[in-house]
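Enquirer: In order, the protein sequence lines correspond to chains R and E.
All you need for my numbering is the position in the first sequence, starting with 1, plus 431.
All you need for my numbering is the position in the second sequence, starting with 1, plus 13.
Please keep in mind that the hints were generated in silico from the structure rather than gathered at the bench.
Predicted model, so just to flag it, every value in this text is computed and none were measured.
There may be inaccurate statements among the hints.
Stretch-level coverage of chain R by chain E, calculated; a stretch enters the list once three of its residues show a Cβ under 8 Å from a Cβ in chain E [said to hold, decoys possible]: (1) 444-452; (2) 480-494; (3) 498-511.
Chain E regions said to be covered by chain R (calculated; three or more residues, Cβ under 8 Å) [claimed, not checked]: (4) 73-80; (5) 101-113.
No residue lacks a Cβ here, since even glycine has one placed at the ideal position from N, Cα and C.
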Amino acid sequence: MMWSLASYKLAMMIAVLDQTTYDASKRGCPIPSDYVPPNLIGDALKPWEYVFNEPLPTFGGLCQRALGTFKQIQDPSNPLTAHIPKVSLLTQLI
Amino acid sequence: MVDPEFPTPKILQPPFKDIVESTFSLSSGGIGCLLHEIQTLDLPDANKWETGEITSLRSNLFANPYAQDWVYDHEQSNAQYAPQHIVPFSSQHKLLIRGAPNYFEEMKRKMKDLSFKHTTDSLKNGDADTYR
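Full structure from sequences and hints, please.
Expert: Structure representation (C-alpha cells):
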C-alpha cells in the first residue's frame with residue numbers, strides 16, 4: 432500500500448509539472464532542461480548533496496527520474512494514474 | 014538587434030519561477046524528497062528524516078497558487094496565477110488531484126486495519142511479550 436500511495440503522490444506531482452511546463456512552453460518561455468533554481472546554487476546546494484549523496488539534478492533530470500520511477504512503481508489497478516506515462520513532459524522543455 | 018523570426022525565449026517569471034523552484038524543495042515534500050523516500054522505502058536502516066512524505070499530501074508544489082487556481086478552476090477569479098494554456102491531459106490530471114484526499118484517507122485506513130489485525134493475530138498466537 433505504501434507503493435500505491437507513493438505512485439499516487441508522484442503522479443500528482445508529474446501532473447502539476449506537466450501543466451506548468453506546457454503553459455510555459457506555449458507562453459514562449461519554455462523551461463530549460465538544465466535549469467537549476469538560483470536559490471539552490473552555492474552554499475544552498477550542500478544540504479542536497481549531504482542528504483542525497485549525489486549532485487543536485489537539473490530540472491530535466493528530475494523530471495526524467497520522476498517519470499522513470501513512476502513507471503517502475505505504477506499501481507496498475509488505479510485508473511486515475513493510467514494516463515501519466517503518456518504525458519509529454521520532457522518534450523515541453525528546451 | 015532581435016531577429017523577429019527567431020525571438021529570444023523569455024526568462025522565467027513568477028509564478029513559473031516559484032513553482033519550478035518548489036519542485037526542488039528539500040524541506041516540504043518536493044519531488045527530490047519524495048523520490049528519495051521511494052528509493053529507500055525497503056531499506057530498514059535508511060535515513061528516515063523525510064518519513065511521511067509518501068503518506069502526506071503536504072507539498073509546496075500543490076499549495077502553489079498557480080496549481081490551486083488550475084486544479085480548482087479559479088481561472089476567472091485570479092488571472093494573475095491562472096494558467097493561460099491548458100495541457101491536453103488537464104481533465105485527467107484534475108480528477109487525480111481532486112480525488113487525492115479521499116484516496117489517501119482510504120489507503121491509510123486500510124493500512125491501520127492491517128496493522129491492527131497483525132497485532133491481534135500476534136497476541137492470539139502467544140506473542141504478547143512482544144507488546145509489553
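Enquirer: Confirm or reject each hint.
Expert: Evaluated hints:
With a threshold of 8 Å between beta carbons, the proposed coverage of the segment 444-452 of chain R by chain E holds, since 7 of its residues qualify and at least three are required. Restraint check on the segment 480-494 of chain R versus chain E: 6 residues with Cβ-Cβ distances below 8 Å, three needed, restraint holds. With 3 residues having a beta carbon nearer than 8 Å to a beta carbon of chain E, the segment 498-511 of chain R meets the requirement of three or more and the stated coverage holds. With a threshold of 8 Å between beta carbons, the proposed coverage of the segment 73-80 of chain E by chain R holds, since 5 of its residues qualify and at least three are required.
Figure legend: the segment 101-113 of chain E, annotated as covered by chain R; annotation consistent (10 residues with Cβ-Cβ distances under 8 Å, at least 3 required).
Of the numbered hints listed earlier, not one is contradicted by the structure.
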